[in-house]
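Participant: So you can see what is in the structure, the chains are spelled out below.
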Amino acid sequence: MIPRSWQAIRSGPWRVAVVEASMRPAIEPGDWLLSDPTVRRWPRRGTVVVFREPGSEILAIKRVAARPGEVVADVPVTDPDSGEERRVTIRLSPDEAWLVGDALDASVDSRRYGPVALDRLVARAWFRYAPVRRIGRLLR
Amino acid sequence: MSRFSQLFAPSTVVRAHCDIPCGIYDPAQAQLAARTVARMVELIGQIDASSSAVADRNKFVRCVQVKEQHAELVKREVQVIWSDYFKPEHLVANPDLHTKVWNILKLAGKNKQSIDADAAAQLETAVKEFADIFWSTKK
Numbered sequence: 000m001i002p003r004s005w006q007a008i009r010s011g012p013w014r015v016a017v018v019e020a021s022m023r024p025a026i027e028p029g030d031w032l033l034s035d036p037t038v039r040r041w042p043r044r045g046t047v048v049v050f051r052e053p054g055s056e057i058l059a060i061k062r063v064a065a066r067p068g069e070v071v072a073d074v075p076v077t078d079p080d081s082g083e084e085r086r087v088t089i090r091l092s093p094d095e096a097w098l099v100g101d102a103l104d105a106s107v108d109s110r111r112y113g114p115v116a117l118d119r120l121v122a123r124a125w126f127r128y129a130p131v132r133r134i135g136r137l138l139r
Numbered sequence: 000m001s002r003f004s005q006l007f008a009p010s011t012v013v014r015a016h017c018d019i020p021c022g023i024y025d026p027a028q029a030q031l032a033a034r035t036v037a038r039m040v041e042l043i044g045q046i047d048a049s050s051s052a053v054a055d056r057n058k059f060v061r062c063v064q065v066k067e068q069h070a071e072l073v074k075r076e077v078q079v080i081w082s083d084y085f086k087p088e089h090l091v092a093n094p095d096l097h098t099k100v101w102n103i104l105k106l107a108g109k110n111k112q113s114i115d116a117d118a119a120a121q122l123e124t125a126v127k128e129f130a131d132i133f134w135s136t137k138k
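First to last, the sequence lines map onto chains V and U. Take numbering that gives the first Met the number 0: the final residue in the first sequence is number 139, and no numbers are missing along the way. Take numbering that gives the first Met the number 0: the final residue in the second sequence is number 138, and no numbers are missing along the way.
Treat the hints with care, as some may be off.
[Claimed, not checked] Ranges of calculated distance between the beta carbons of each label pair, as one might list FRET restraints:
#, chain 1, residue 1, chain 2, residue 2, range
1, U, 134, V, 79, 49 to 57 angstroms
2, U, 94, V, 10, 46 to 54 angstroms
3, U, 128, V, 53, 22 to 30 angstroms
4, V, 54, U, 61, 18 to 26 angstroms
5, V, 92, U, 54, 23 to 31 angstroms
6, V, 92, U, 6, 39 to 47 angstroms
7, V, 92, U, 128, 14 to 22 angstroms
Quick caveat, the hints were computed from the structure, so don't treat them as lab data. Glycine included, C-beta positions come from ideal geometry on N, C-alpha and C.
The task is simple: from the sequences and hints, build the whole structure.
Facilitator: Have a look at this one:
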């Protein structure tokens, strides 16, 4: 568990706007979501989370596909020396999650940048409040 | 709806980071990051090196942190454009593209490891050159 100061929690974000399409059809570009920045652990599988992408400052949104301690099977990797492509199994460490977009063909996610550490987690997205015709909870 | 927007629009944007719309490539991010690295080196140079005042140490640490983040951003932005945008036919007009990218990545690393105004200026120049090559392929 990472301690988060009350200040961090107060600064939110409590609402986010989504751009880009890797979470279609559950989330469309232009959707406005309510988010909960008080999360201190990786939420349950299927939960939509807001986090900082490893290695960059990009604030991204994906779904939790696997939690700490769990095993992710059949991950395609490229050997940096030989260029050869293999499939490996990854066991997530106690503070890592595997995050994947719903639109698998288009999404840049853990399959590209690997597991995401808990200190990158920013919020849990739980409700869409706009556009009005699509109001409702985000389902797992 | 616009009244609603005014009242309820989120201030935070999140990216459902996607390969397809990211077909809008732009080296401007890398250029901005290189500029930031150079600016941080400048700011660090202005801090009194012998000072042990907390305010100075705080500023120093923060500048170094931003320098590190933006040197990494240069690497990532340049690498994405190099690997995802450039095609074999672009090498005809720019046969030394791979070497140029290699050098940018090494320069970015050097700027992380040191506080060096020359290295920072070289990084900006190299990234500008890369951006020029990018735009030349758009003509």
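Participant: Are there hints from earlier that the structure breaks, and if so, what are their numbers?
Facilitator: Going through the list in order, the structure violates hints 1, 5, 7 and respects the others.
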